[in-house]
Amino acid sequence: MKNFKQDIASQIYEVTNINEKELETYIETPKDTKNGDYSFPCFRLAKELKKAPPAIANELKEKLENKIEKNENIEKVKVSGGYLNFFINKNILIKEVLTEISNEKEYGKSEIGKGKNIIVEYSSPNIAKPFHIGHLRTTLIGNSLYKIYKYLGYNTIGINHLGDYGTQFGKMIEAYKMWENEYNLEEDPINKMMDMYVRINNLCKQDEEVLERCRQNFKLLEDGDKYCVDLWNKFKDLSMIEFNKIYDILNVKFDSYNGEAFYADKIDDVIKVLEEKGKLQESDGAKIVDLEDVGISTPCLVQKANGSSIYATRDLAAIMYRAKTYNFDKCLYVVAYEQNLHFKQIFAVAKYLVDEKYAKGLKHVSYGMVSLPTGRMSTRLGNVVKIEDLINGTIEKAEEIITEKNAQLKNKEEVAKKVGIGAIIFNTLSTATIKDQIFDWDTALNFQGETGAYIQYTYVRTKSVLEKVGYIPKFEDIKVENLLDEHSLEILKLIYNFKDTLIQVTDKNEPSILSKYLIELAKAYSSFYNENKIITEDKQLQDARVYLTYAVGLVLKQGAELLGMEMPEKM
RNA sequence: GUGCUUAUAGCUCAGCAGGAUAGAGCAGUCGCCCCCUAAGCGACCGAUGGUGGUUCGAGUCCGCCUAGGCACACCA
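In our numbering, the protein residues as written are 1 to 571.
Treat the hints with care, as some may be off.
In silico lysine-lysine, PhoX-like type, Cα no more than 20 Å apart, as pairs [said to hold, decoys possible]: (1) Lys205 x Lys417; (2) Lys330 x Lys105; (3) Lys70 x Lys95; (4) Lys266 x Lys279; (5) Lys95 x Lys474; (6) Lys219 x Lys177; (7) Lys397 x Lys386; (8) Lys34 x Lys61; (9) Lys533 x Lys468; (10) Lys570 x Lys499; (11) Lys360 x Lys116; (12) Lys493 x Lys31; (13) Lys523 x Lys557; (14) Lys70 x Lys105; (15) Lys435 x Lys95; (16) Lys234 x Lys192; (17) Lys499 x Lys150; (18) Lys463 x Lys533; (19) Lys360 x Lys344; (20) Lys2 x Lys109; (21) Lys417 x Lys474; (22) Lys67 x Lys51; (23) Lys508 x Lys330; (24) Lys21 x Lys499; (25) Lys5 x Lys34.
Keep in mind that the hints were calculated from the coordinates and are not lab data.
Produce the entire structure from the sequences given, and follow the hints as far as they go.
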């Protein structure tokens with residue numbers, strides 16, 4: 001598709017001596033359309049040229065006038081204060097967008113990531129613990145990033161780095177040894193295991209000896225003791241059955257479930273390399289890497305005093321393994337910000353272990369904490385909102401609303417599911433990743449305003465129109481002059497920006513940018529829909545508007561899909 | 001205590017790596033179903049924590065203050 005911004009930059013380049021790429025970053029899009037479609041602020045040139053910004057703008061305009069007359073993409077240039085405002089040729093914009101829509105089944109899809117390998121590590125729940133709303137963000141942010149990178153042509157690898165190792169399993173094994181007869185793990189295994197975990201934890205706090213036995217159990221597990229390994233497998237299998245139910249409902253997928261345990265036999269390499277490079281130090285019997293000289297005051301512990309590994313070691317082993325196996329360009333960790341220090345440490349240590357290319361590709365996509373209005377969630381205190389309760393709650397509420405608004409709707413349950421799940425996904429992905437979120441049932445159960453349901457509802461409306469007219473016009477027959485009104489143009493500009501929006505999402509690893517975009521598009525279409533009659537006597541006008549409707553539906557659906565949301569056809 | 005992070009309307013959030021009059025949604029008040037789905041549209045109401053600085057220009061960058069969150073080696 002034509003790149004108007006680039007075109008404008010190259011025009012300005014020819015009359016100034018500023019580098020084209022730099023110019024492109026200066027060009028902005030005015031908030032008010034009366035100031036044009038693109039704008040070049042001349043203020044920054046004032047000092048260098050020793051002239052007032054408006055004078056510079058006028059001068060540039062004069063120099064450009066000639067070129068612009070010959071350039072069909074740009075309709076006119078106007079000076080407004082210190083700004084040089086460009087008005088693009090709307091006919092060309094419309095033609096471009098419509099052509100693109102008609103060409104591609106998957107609008108906005110791209111090959112810009114071709115040949116690049118991106119790892120996204122997300123979800124990564126702890127085995128033997130319930131899946132609660134705190135796990136929602138990593139799961140959904142990761143899933144969405146995974147889809148978007150893939151859509152832009154990157155070779156993307158989704159990894160669920162299961163928390164299936166560590167002292168916690170020594171504790172679980174100890175609990176099982178002590179209380180095997182008291183718990184029937186065949187029914188409701190997750191909650192039973194959680195009970196055991198809470199109980200053993202309390203005991204460990206009171207009794208140092210028990211804690212020591214737990215650590216020993218973990219050491220046995222690491223050394224391949226059959227009893228411990230079998231038990232560990234049992235805990236793992238039972239947990240995965242539960243997790244997979246949730247992944248199925250949310251439609252979340254992974255390419256690999258290699259968790260911490262997978263790297264257990266790969267930690268020796270980490271120790272070896274660090275030793276060879278002389279980076280390893282002893283401290284109270286444990287082995288550490290000092291990071292003082294890179295500005296991190298807490299050293300990174302890589303081996304405990306009893307010789308067993310720690311999560312940092314396994315993460316480091318994972319980096320080495322992934323570099324070798326996937327040759328990654330980027331490796332994203334979608335993990336809450338409480339682990340900021342941990343990632344700073346292992347990224348620093350990674351520089352000693354892998355080539356610079358890999359060390360540079362490591363990125364912690366740090367997201368904010370989810371808490372309840374009453375405070376922090378804690379599995380141990382039992383004040384968590386379980387994900388199944390949330391899912392059931394939103395679906396139930398969606399069903400209620402359907403009964404109220406559209407009682408004769410077929411496949412009510414299926415629609416309620418899509419709307420309920422959609423609300424959860426959209427709600428989770430609509431605020432910036434880094435910010436804390438307070439989970440609130442009223443917000444979760446709201447289907448009005450800027451919500452997932454709004455996007456879906458708008459999509460359903462487009463479907464409804466298309467169904468009523470019964471055809472999709474050929475784009476060659478569309479008369480662009482029928483789409484020059486304010487509402488149509490706003491929609492078309494948004495559609496034009498879709499691919500750019502996706503690129504922004506990957507630049508910042510921020511799916512909420514796409515959420516906001518979809519809201520904008522749905523809003524623009526809703527206004528258009530309310531202002532205009534789409535189905536009219538004027539066949540040409542109707543065709544143009546129907547085609548626009550078709551385009552909006554296409555983009556909404558594709559965008560929602562990239563967030564992980566499904567669209568109902570009716571609701 | 002040290003480090004990181006957040007602070008925008010009554011509430012929940014936007015604000016394109018400094019740019020034109022700070023935008024939405026919810027809540028509140030009012031208007032709109034003769035008409036393609038009112039889970040909608042339109043209108044009103046309402047805001048940059050405090051302070052100093054950098055700049056032609058600061059919600060955005062820097063300093064200090066205040067308030068919240070997170071982390072600070074043998075848990076993950």
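Give me the numbers of the hints this structure contradicts, sorted from smallest to largest. Numbers 1, 2, 10, 14, 15, 21 and 22 - these are the hints that the structure violates, sorted from lowest upward.
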